[in-house]
Amino acid sequence: MAKKKKGSNFPEDARFSTAKKAFVISWIFYSIYVLLVMGFSYILGIKPLVLGLPLWIMVGCILIPVIFVVALVFIAEKFIPDVPLTDKPEDSHGNKAQ
Amino acid sequence: MNPAIISFSIYTLILISIGIWSYKIVEKVPISKYEEEFYAAGRGLGGIIVALIIAGGLASAGTFIAGPGMTYAYGYSWVLINNFQIFINFLLLAPIGIIVGIVARRVNAVTYLDIFSARYKSKFLVILLAILVTIFLLPYMSTQFVGAARVISQMTGLDYLLSLGLGSLVVLVYSVLGGMRGTSLATLVQGIVITAGSIILFMATVKFAGGFQKSTMALMSQNLNLLSPTMGGKFPPLFAFSIAALTSYFVVGMPHAMLGALTYKNTRALKRGIWMGGILVFLWTLPLCMAGAIGRAIKPDLRVPDEIGPWLAMHVMPQSLGGIVLAGIVAGIQTTVAAMAIIITSSIAKNLLKELKGSVSNITAKTVSRITMGICLAIAIALALTQPRLIQWIIFFSIGGLESATFGPILLGLLWKRGNKWSAIASVLWGTVIYALLNTVWKGFLPWRVHPSLISVISACLVYILVTLLTPPPSKEITEIFWGKWRRV
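Protein sequence lines, in the order shown, are assigned to chains A and F.
Residue numbers for the first sequence follow my numbering, beginning at 163 and rising by one.
Residue numbers for the second sequence follow my numbering, beginning at 4 and rising by one.
No wet-lab data here; the hints were simulated from the structure.
Take these hints with a grain of salt, some might be off.
What the simulated footprint calls covered on chain A by chain F, stretch by stretch (three residues with Cβ under 8 Å from a Cβ of chain F suffice, anywhere in the stretch; the number is not a length) [as the list claims (entries may be wrong)]:
#, region
1, 186-197
2, 201-208
3, 222-233
4, 238-246
C-beta: ideal position from N, C-alpha, C; glycine also.
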């Protein structure tokens, strides 16, 4: 019968914690984005016009999304570690993994 | 024949030849490997293609037709709401991409439901999900054909029915023939055309309107609410948040998005898929939505708001350029239909058939998958005959339904070892039933116009957790496959 305690003694694959970390990063990143976009858009008013567009549009719809898209390049490359997807180390580069 | 039709036709011919070419590639694959080739493109897709498959699959006529349509109808408030979808690739690939990538290789999963089948080992669950996914995807697919028809009819002046037939034809050819490989090749061509088209449309519209200043003044004199972040209270913050949840937080519940997670080559491709996807969806969302809002300053009296994108393409720029823009819009639609067709086909032809009949020969699976795809496309086209005014609301309905059924079981199932088939079945049934009730008899109960999916998805997750705590953990085998250090027995 199963004598090992499940959970506590289970030898977990290290790549799983990488995956969990990636999940947390993405949700935090997106939550900050939503918070800033909504915060600025609802608080800033229509006037003054910036380059002909209402202030809240310039900041909430254009400026913040652009900043976050640029930030995403760095976050994805720096904070998500490379891990092999196959279990055999020799074909960790993927190609014809079968 | 006008120049728009010529440039559009050249593009269409290129796509059809890609379809035929990749059909030949798939035919050469030995029958034993056919499934992996057809559904997962041999699991060797690089970053830019993964980015395009997910982004192109998720950004549908919802982005390319309904995006400008909604901003035309509701002004800049909808630019704000549509911008919430920019990070869909990140929110799909980061939470589940790595686990799905590893497990899919361990159990040789090639479809969305293969993952469910491996995780929960429940015949009932797989059959239930195959049916639900098909039910919710069909109206979604039909909106794509509506979108394509609107483009063709604005471009050629043909009536809706004929345009629907023409627009559907191109999609049918390459997605039925080529499978995922055909889709991925075509996707690259389409991605380029979509991006160029969206930027051209934006610049031409702003120029035609005489700059931002002039268009803002024109909108101000029409209706000040067009410049309000909430459309003068029509879209309160909680509604906006529920759309952010629907399009992004819950995106892992979208079966056609999962294709990207099943097909990427390695974590380099995953990371590129994330940030390139961010750039692409941004370039498709913001310029088109802005064009729709500004378009209202140019042409305030369009009967069907969804026609603003195609209308602008035909009226604010040289027609040959307009043809390319419209080709881009249709391209965006095609990528979505192709991804969905593959999901429906694989659910029915592969998973449902195997659960019901046990083992199925590869030749049968191949025949059935082509027949199913044909039937589903036919139903979707038939639904498109109803000619809805703003397709966005139908799209949100479908997405909400898919997510109510699958978000809990997929996300919690991959991140939490404890969940079992009872938790998944309870969560799927609860989510679907609550969603159905909130869309019908309980419609009036929702405060601040919040989208029903917010309530059904969150409560379905709670049900998943509750049932999990009341039932035993899954078998050791499942735990080993999903989270253990692998050793093949």
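Hint by hint, here is what the structure shows:
Here's how the region 186-197 of chain A fares: 7 of its residues keep a CB closer than 8 Å to some CB of chain F, so the rule of at least three is met and the hint holds. Look at the region 201-208 of chain A against chain F: 3 of its residues bring a Cβ nearer than 8 Å to a Cβ of that chain, three or more, so the hint holds. Figure legend: the region 222-233 of chain A, annotated as covered by chain F; annotation consistent (7 residues with Cβ-Cβ distances under 8 Å, at least 3 required). Remark: the region 238-246 of chain A is confirmed as covered by chain F, as 7 of its residues place a Cβ nearer than 8 Å to a Cβ of that chain, reaching the required three.
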